[in-house]
Amino acid sequence: MNGWCGSSSVCRFADACLRGIAQVMLQNNPLTGALFLAAIVWASFAADAWRLAFAAILAVVVATLTAQWLRFDSTEIESGLHGYNATLVGLTLATFLAPGALLWCYVVFGAVITVIVTRGTFNVLKPRGLPALTAPFVLIAWLMLLASYGFAGLSGTSLPSGAVVGAYQAYHTEPLDILGFAQGVFKSISQVFLKSDGIAALLLIAGLLVSSPAATAFAVGGAILSVATTHLLGAESDLITGGLLGFSPVLTAITLGTVSYRPSFRVAAYAALATAFTVVVQAAMNVAFTPFAIPALTAPFVLVSWLFLLPRLSLDETNAPSTSGNER
Amino acid sequence: MNGWCGSSSVCRFADACLRGIAQVMLQNNPLTGALFLAAIVWASFAADAWRLAFAAILAVVVATLTAQWLRFDSTEIESGLHGYNATLVGLTLATFLAPGALLWCYVVFGAVITVIVTRGTFNVLKPRGLPALTAPFVLIAWLMLLASYGFAGLSGTSLPSGAVVGAYQAYHTEPLDILGFAQGVFKSISQVFLKSDGIAALLLIAGLLVSSPAATAFAVGGAILSVATTHLLGAESDLITGGLLGFSPVLTAITLGTVSYRPSFRVAAYAALATAFTVVVQAAMNVAFTPFAIPALTAPFVLVSWLFLLPRLSLDETNAPSTSGNER
Amino acid sequence: MNGWCGSSSVCRFADACLRGIAQVMLQNNPLTGALFLAAIVWASFAADAWRLAFAAILAVVVATLTAQWLRFDSTEIESGLHGYNATLVGLTLATFLAPGALLWCYVVFGAVITVIVTRGTFNVLKPRGLPALTAPFVLIAWLMLLASYGFAGLSGTSLPSGAVVGAYQAYHTEPLDILGFAQGVFKSISQVFLKSDGIAALLLIAGLLVSSPAATAFAVGGAILSVATTHLLGAESDLITGGLLGFSPVLTAITLGTVSYRPSFRVAAYAALATAFTVVVQAAMNVAFTPFAIPALTAPFVLVSWLFLLPRLSLDETNAPSTSGNER
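Those protein sequence lines, which keep their order, are chains A, B and C. For the first sequence, the numbering used here puts the final residue at 328, and the numbers step up evenly by one. For the second sequence, the numbering used here puts the final residue at 656, and the numbers step up evenly by one. For the third sequence, the numbering used here puts the final residue at 984, and the numbers step up evenly by one.
Hints are supplied without guarantee of correctness; some may be wrong.
[Claimed, not checked] Computed spacing ranges between beta-carbons, pair by pair:
1) C:D729 x B:G457: 16 to 22 Å
2) C:P783 x B:L530: 43 to 49 Å
3) C:P783 x B:I527: 47 to 53 Å
[Unchecked claim] A short list of chain C residues far from chain B (calculated; beta carbon distances all over 12 Å):
4) V666
5) A694
6) A705
7) L929
Since the hints were derived computationally from the structure, they do not count as laboratory data. Even for Gly, the Cβ is constructed at its ideal location relative to N, Cα and C.
Starting from the given sequences, assemble the full structure and let the hints guide the process.
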């Protein structure tokens with residue numbers, strides 16, 4: 001499995017961390033992780049915010065070490081299943097909170113807690129046949145961002161401001177041209193890692209391609225569908241072209257399209273339905289979180305994926321009732 | 329079972345849809361569904377809003393078709409168990425959002441999603457011996473109403489406005505006379521279908537009567553108890569006489585009184601306790617939803633019913649410890 | 657077990673009630689309950705609010721009677737497992753709502769409901785190996801406090817006022833001297849019973865000591881750790897010295913340190929991690945509840961304890977992998 005590592009424990013550890021980054025998009029592949037990491041590093045460099053890449057790396061390393069220290073199942077650790085939630089926690093804390101010594105303590109602390117919560121989430125969901133997805137990340141990041149409002153040592157400089165829910169404001173909406181459409185599609189993919197960057201999106205697509213062409217197709221298709229749906233429903237243009245309504249649908253499309261069912265037309269139709277509903281839930285949660293002054297993160301993806309996995313539908317074509325009836 | 333239909337598939341389909349409407353008040357009876365539908369049509373006509381009745385019918389038809397397309401258990405479909413949540417989703421969307429082409433797409437979309445979520449809810453709750461009640465409706469309607477604030481294409485013209493929770497305002501409270509009391513009782517029943525209409529209430533009571541006299545007794549008793557309780561606690565008079573604090577208690581009374589336990593004095597006392605608590609939870613959720621600018625819908629009914637069903641109490645009189653002790 | 661009671665049913669009933677009060681801090685000991693009750697009575701007397709002690713006693717008596725009336729398992733009743741949530745509900749309602757005849761009806765009603773909800777919570781959690789902790793109290797108290805905003809008969813005179821979440825305000829923070837530190841530690845313990853009183857804290861510590869020296873050590877250690885953590889992160893000084901960020905961490909420390917795992921260094925480290933995270937979650941929930949104008953109560957304790965119990969880690973030293981390997 002780790003053929004390129006041989007017996008080097010450092011190399012095996014790096015492999016687990018890279019797979020942890022790849023698992024953010026549900027891939028178990030170190031090369032994918034390396035390309036995803038390249039996307040993070042590039043976008044951090046482009047935004048002149050090196051600390052974002054550093055936070056992601058610090059978090060995944062701490063999380064993998066914690067999982068080893070707590071003697072979790074080694075197959076899980078080596079597949080990166082204890083790294084992806086922490087990676088996202090690190091990225092999120094560094095994105096929304098002001099830099100400083102306390103931030104780094106907070107990132108390390110968050111990574112450790114995330115590993116414990118991920119283990120518990122697995123215990124709850126596995127008997128039900130459900131994947132944990134990014135639920136541990138969402139829970140821990142919400143709590144840690146909310147808490148920053150109560151502590152002078154942590155300043156949420158980039159958090160949204162709170163408000164009660166008000167009637168729809170006539171946003172600045174303009175007809176979405178082909179350029180805006182493409183921008184929305186690419187940034188929907190890069191926003192999975194909280195980045196608004198086209199080159200990062202290309203690196204992420206490359207990373208998906210080396211692991212799974214089907215996942216790549218569903219990711220791009222999900223992004224296209226989400227941009228089209230949000231535009232049709234009349235969402236704010238800046239949110240669409242910034243990819244801020246598309247990252248959850250992208251993840252839903254990958255999850256429903258590739259992880260759980262064998263590809264087919266019925267599978268694609270079911271995944272498309274889930275993806276379109278994720279767009280609605282993303283808009284809903286953005287509204288619901290207005291009074292709390294924190295972002296909804298990927299909660300819409302987690303909720304909709306669970307809702308669509310719970311029916312445990314058999315969508316294989318071969319299960320279609322045969323018209324000849326001689327198999328009954 | 330479908331004796332009046334014979335082998336007509338159209339008739340069997342209509343039967344399933346009517347039972348779907350009847351299941352809103354937990355009845356499995358097509359005549360009940362027809363009388364409930366008459367109540368909806370009458371109230372829509374009286375309010376000069378035909379689209380409400382149309383939305384309910386469209387939603388239940390789409391939901392039943394979707395359940396068939398997804399090849400769900402045919403006994404469930406024929407009992408209307410895949411129709412009642414969608415009926416309520418359709419009514420709710422058409423009640424709170426402005427009319428238009430997008431609204432009808434939204435109703436169809438909501439009905440399809442509701443069927444999928446209902447199937448998943450059954451999967452989660454059945455092993456625990458809990459009914460789904462209107463939980464899928466509540467979840468989907470909340471999300472779709474919240475999302476309307478983010479889309480220019482959907483305007484929530486009839487949604488409440490958002491605010492932070494403030495101290496109790498001295499409402500216009502007046503002594504509740506016998507007329508106001510009766511009005512509150514009837515409208516508590518009609519508000520189960522989001523209607524404020526006395527004649528609709530009479531049609532709903534008639535529908536209950538043809539299916540289950542016990543359910544009728546508990547529905548009316550629950551409405552009376554809720555109006556008395558809210559008046560005693562000092563709720564706003566307009567809310568009481570409009571039935572807006574009573575529709576969840578009515579459903580709780582039916583559920584606890586007839587569906588789950590055999591009728592007896594202990595059962596009635598337990599149902600009355602649950603009904604009174606539903607009044608408190610309705611008031612609590614109305615407050616909790618203030619910042620989100622959406623209604624709580626029947627969430628209080630679902631929550632309290634689950635809380636009172638979970639103990640799995642044996643309330644049969646025959647289980648009372650015998651004093652002679654010779655059965656031990 | 658009830659040696660001091662003999663066959664007196666009144667005495668056995670009092671024993672169950674006292675154990676119910678002791679279970680607030682997870683102890684099954686009537687003397688502990690008596691000392692805890694002394695703390696409640698003293699603090700009520702000191703604050704010139706006798707009704708608080710009366711509400712606690714009324715609630716635990718009503719709850720124990722209700723559990724008997726509903727014929728719940730007698731071992732559970734005699735261990736006080738149906739009293740502690742109601743005790744806290746009674747204390748909370750009397751603390752935040754204005755006195756009056758309706759308040760006492762509300763306390764009795766709340767105690768009855770809490771017993772039913774506690775039974776259901778046990779049913780849900782026991783198969784998963786999780787304790788109910790104070791979850792029933794938190795849920796019922798939230799709902800009943802929220803509902804008070806909708807009823808003229810119940811006035812939440814001591815409830816916080818609602819607001820949207822705003823950026824961190826530069827609080828009046830001063831260097832925490834040794835006196836403030838000690839005050840924070842003691843009041844963190846007394847706030848478990850919603851009291852801000854040093855003598856009550858000493859009585860509570862005495863109550864813990866007669867039952868479990870380990871629990872006492874973890875309670876005091878948890879209080880010290882929470883005051884240190886909140887000070888380090890820059891929380892508002894008044895909140896720290898008033899113990900308002902420390903009561904949940906104290907309960908987490910007792911739960912993780914003594915109830916679930918055998919004491920050891922690894923257990924203490926794990927409990928310390930959970931306690932520190934409870935501080936963060938307390939701050940987060942205080943913020944999240946701002947728009948609702950009610951307190952978060954001990955929800956952070958419940959959430960974090962569950963999150964840390966769910967992984968079912970084996971933290972015994974003896975389970976460490978042996979280096980000799982001859983046991984494999």
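Original post:
Looking at the structure, which of the earlier hints fail to hold?
Top reply: Violated hints: none at all, because every hint is consistent with the structure.
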